[in-house]
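Chemist: Add chain B to chain A, keeping to what the hints say.
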Amino acid sequence: MSDVIFGRLRALLGTSGVERDADGLPRATPDTPDALSLVCRLAHEEGWKIRVEGHASWLSPDAPGDLAVSTRALDQVLSVGPADLVATVQAGTPMETLRRRLADEGMWLALDPPGRPERSLGSVVATATAGPLRHGFGPVRDHVLGCTVATGDGRLVKAGGRVVKNVAGYDLTKLQVGGFGGFGIIAEVHLRLRALPRADVTLLARGPRDTLSAAARDLVGAQLLPGALELLSPALGADADWVLAARFVGTDAAVQADVRRLGSVGELAWTPLPADRTAAFWGLVARGSLGGPITLRLGVLGGGIDDTLDIVAHDLDEGLVSAGAGVGMIRWTGDAPVERLRAVRRAAAAREIPMTLERAPWPVRRALGHFGAYREGVGQLVGRLRDTFDPGQCLSVALEGAE
Amino acid sequence: MTPDLIAALARIVGPRWVRHRRAELATYAMDGLPTRESYPGVVVMPGSAAEVREVVRLLHLTAVPFVARGAGTGLSGGAVADPDAVLIALTRMNRILAVDPVTRRATLQPGVINARLSEAAEAHGLHYVPDPSSQAACTVGGNVAENAGGPHCLKYGVTTNHVVELVVVLPDASVIRLGSPHGEPWGPDLVGLFVGSEGMFGIAVEITVRLEPLPPSVRTMLADFSTVRGASEAVSAIIAAGIVPAAMEMMDRACVAAVEASIYAAGYPTDAAAVLLIELDGQGDAVEAEGATVVSLLRQRGAREVRSATTPADRARLWQGRKKAFGAMGRIAPDLAVQDAVVPRSALPDIMDRIEEIRRRYGLTISNVFHAGDGNLHPNISFDRRDPDLAGRVHVACREIMAACVEAGGSITGEHGVGSDKIDYMPWIFDAETLGAMRAVRRAFDPAERANPGKVVPLHACREWRAAPGVA
Numbered sequence: 000m001s002d003v004i005f006g007r008l009r010a011l012l013g014t015s016g017v018e019r020d021a022d023g024l025p026r027a028t029p030d031t032p033d034a035l036s037l038v039c040r041l042a043h044e045e046g047w048k049i050r051v052e053g054h055a056s057w058l059s060p061d062a063p064g065d066l067a068v069s070t071r072a073l074d075q076v077l078s079v080g081p082a083d084l085v086a087t088v089q090a091g092t093p094m095e096t097l098r099r100r101l102a103d104e105g106m107w108l109a110l111d112p113p114g115r116p117e118r119s120l121g122s123v124v125a126t127a128t129a130g131p132l133r134h135g136f137g138p139v140r141d142h143v144l145g146c147t148v149a150t151g152d153g154r155l156v157k158a159g160g161r162v163v164k165n166v167a168g169y170d171l172t173k174l175q176v177g178g179f180g181g182f183g184i185i186a187e188v189h190l191r192l193r194a195l196p197r198a199d200v201t202l203l204a205r206g207p208r209d210t211l212s213a214a215a216r217d218l219v220g221a222q223l224l225p226g227a228l229e230l231l232s233p234a235l236g237a238d239a240d241w242v243l244a245a246r247f248v249g250t251d252a253a254v255q256a257d258v259r260r261l262g263s264v265g266e267l268a269w270t271p272l273p274a275d276r277t278a279a280f281w282g283l284v285a286r287g288s289l290g291g292p293i294t295l296r297l298g299v300l301g302g303g304i305d306d307t308l309d310i311v312a313h314d315l316d317e318g319l320v321s322a323g324a325g326v327g328m329i330r331w332t333g334d335a336p337v338e339r340l341r342a343v344r345r346a347a348a349a350r351e352i353p354m355t356l357e358r359a360p361w362p363v364r365r366a367l368g369h370f371g372a373y374r375e376g377v378g379q380l381v382g383r384l385r386d387t388f389d390p391g392q393c394l395s396v397a398l399e400g401a402e
Numbered sequence: 000m001t002p003d004l005i006a007a008l009a010r011i012v013g014p015r016w017v018r019h020r021r022a023e024l025a026t027y028a029m030d031g032l033p034t035r036e037s038y039p040g041v042v043v044m045p046g047s048a049a050e051v052r053e054v055v056r057l058l059h060l061t062a063v064p065f066v067a068r069g070a071g072t073g074l075s076g077g078a079v080a081d082p083d084a085v086l087i088a089l090t091r092m093n094r095i096l097a098v099d100p101v102t103r104r105a106t107l108q109p110g111v112i113n114a115r116l117s118e119a120a121e122a123h124g125l126h127y128v129p130d131p132s133s134q135a136a137c138t139v140g141g142n143v144a145e146n147a148g149g150p151h152c153l154k155y156g157v158t159t160n161h162v163v164e165l166v167v168v169l170p171d172a173s174v175i176r177l178g179s180p181h182g183e184p185w186g187p188d189l190v191g192l193f194v195g196s197e198g199m200f201g202i203a204v205e206i207t208v209r210l211e212p213l214p215p216s217v218r219t220m221l222a223d224f225s226t227v228r229g230a231s232e233a234v235s236a237i238i239a240a241g242i243v244p245a246a247m248e249m250m251d252r253a254c255v256a257a258v259e260a261s262i263y264a265a266g267y268p269t270d271a272a273a274v275l276l277i278e279l280d281g282q283g284d285a286v287e288a289e290g291a292t293v294v295s296l297l298r299q300r301g302a303r304e305v306r307s308a309t310t311p312a313d314r315a316r317l318w319q320g321r322k323k324a325f326g327a328m329g330r331i332a333p334d335l336a337v338q339d340a341v342v343p344r345s346a347l348p349d350i351m352d353r354i355e356e357i358r359r360r361y362g363l364t365i366s367n368v369f370h371a372g373d374g375n376l377h378p379n380i381s382f383d384r385r386d387p388d389l390a391g392r393v394h395v396a397c398r399e400i401m402a403a404c405v406e407a408g409g410s411i412t413g414e415h416g417v418g419s420d421k422i423d424y425m426p427w428i429f430d431a432e433t434l435g436a437m438r439a440v441r442r443a444f445d446p447a448e449r450a451n452p453g454k455v456v457p458l459h460a461c462r463e464w465r466a467a468p469g470v471a
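Respectively, the protein sequence lines represent chains A and B. Following numbering that gives the first Met the number 0, the numbering of the first sequence begins with 0 at its first residue and continues without gaps. Following numbering that gives the first Met the number 0, the numbering of the second sequence begins with 0 at its first residue and continues without gaps.
Here chain A stands alone, though its shape is the one from the complex (with noise of 0.2 Å):
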């Protein structure tokens, strides 16, 4: 079977499109929208499962499947617009190709997501998986203006559109920001940039962690706009301490009047880093979701981050936990149990708090889902728009766990 799907991938996409991975399974590696359309059609006539794959540097490639489609060898910076502050982008563009390319024409793109620096694009979009800068920033929906989508069944969608404001029919572009590649694989993405920020300044507090989240309270009831403000456990803050980090970004007056705010607000005492360390505590930072096989995250509000912590902390552990302390979303890495994990999840949702696998071993997705338990009659809606873009189900994504 394997070799007769390789000998039809290669007939498709010749040999440079087509290896085999470590086990054997074939790989596509399409580098055009319409070769990754025809890969996914070709699929859906056969009826053959895919795995989704960029550069397996978050999800692990683990999923079941006939043949992994990755798009590695989408990987072109298609245009920059320095004036408009847009950008076209193949999806399996390397983040830190994408930031350096950016950066030398002036721009930004204001997402530092967990992970590799080397992590793609597509990856980022498709799990929606924003960093810290989500406090000044807005989450990766507010940086995606458009995207062109192969759909499990090879049609190719091109969703929104390259202007920074746009509502020219439905927003289809939402539905992939998030969707886990369970509504199609990314193929393009139209991104909405910033100017290059002229002062970045990171500053850190010490201590333990509620007098910190309280402090985080304060600040933003303060109006202080930090860029980032984010509250890192000692493990991910390489710290013998909880860390609050706040990152100011922007022009220079804005920044500089930010940190003299900064230390009229409460109590803490502020402890600038280097300009020079700042990249490298935040790559740190990234890094550090990578620390265990596990990583969710967990929507709360900005009151709920003490509770939502014990939850965490008693149910799972310590480790790996970072909380934006302004938007209220918790990030841990760690391994667990399955029967925890979905403990954990039951509680949170006792609660209102939305549980968000973002990564994890196949066998704990596919018995977990990346967002489980959907809201009444949520469900079917969302069944009914994966078979939409994927009637042959052909996309091994596990959305919904298998309870």
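No lab work stands behind these hints: they were computed from the structure. Model, not experiment: these values are computed from the prediction. None of the hints are false.
Some chain A residues judged to face chain B by a derived CB distance under 10 Å, without partners named:
| hint | residue |
| --- | --- |
| 1 | 137 |
| 2 | 302 |
| 3 | 398 |
| 4 | 399 |
Ideal Cβ placement from N, Cα and C applies to all residues, glycine included.
Modeler: Coordinates of chain B only, in the frame set by chain A:
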């Protein structure tokens, strides 16, 4: 509309909330788009989510199409119903259910007027950011349907960036709750998908939005330019400097003339080719420093004069002309075709030249007032629809302007929606496959396509997508 159906609707909402006489229906025969008129079969005005559900259930069982409507201020013909459809007016559902200053969230019914929400939040030092020009009349439910914008969306985003949770009555009368107050969805981002669906996925009966703190310091500046190009270049220079103003609005000479000749006169220089209205907000010292940079950039790009205001009264005066520009244009002619298109910001100078060329060729009066920071144009054509020749020229000119914007890499609408007005333009920017995907997604919410039928997606231009199993 059958007497049986009218009687059944009256049993749900009470007879005084059902309108079916021709004179009563006239109020609902148009929205803010002057070129489309259609009388609905009947208007029903539910007073609660439960009544909306009962009405929708009745229409589901009788297979009658329906159109949800807020204040009817929409500009794309989206809230107008055909005679075979029931128009569900949501204006009675105008209660703000909760304002929580700690979590900065408000929960409200769809008929709440946009400006009233900000008034209610103001006591807590908060406000609701999206501020369409019609904010004194338009409803938040309508804003959700259209994904409405407004001047202050440059920095803070449009409606979709501020809605976190929705309770929706689907066309089969089932009720679902989408999103969560935290903003983290329970599953795929169905709130994001629903916002801007123009009433074709269902009816939002409860809306939870994010409120933002009122900025501690605000500075409004008015700069006037002798060329539109100079003003456009100033906009790009400010953004390139890393400054994101809360708002950056442009008005051309015709618009300024209309404002200054009206009771809304704001003291704008009538000899300028364009004026820019720029608002900065944030901490006081940052606003001051960024303000100095903006003034210097404006002067470098040829601003003749820059006026600045920081007190609420002075700022209100600078804003008055912009906010009332559409009203002022009402003096020029009986009808106003308010257009809405988007171009990449860098294309602004060229597209303004194109619009001027089109205006001259068709002998029209066009006033431009627009959100320059995000390239969202509003070329407004004053006309009298009783003059068929003039109305014909307006139609053709609108079409040409839209084609020019699409050619420049833009979009056919930035904040007003497609409705019925722009449905013919949809194939200009979306291929048959993508239009088919839109239709298929709509059918996941509304298999029988009874919610606001005939809008947004031109069915003849869609490639066929299979309907989901178990679905008609």
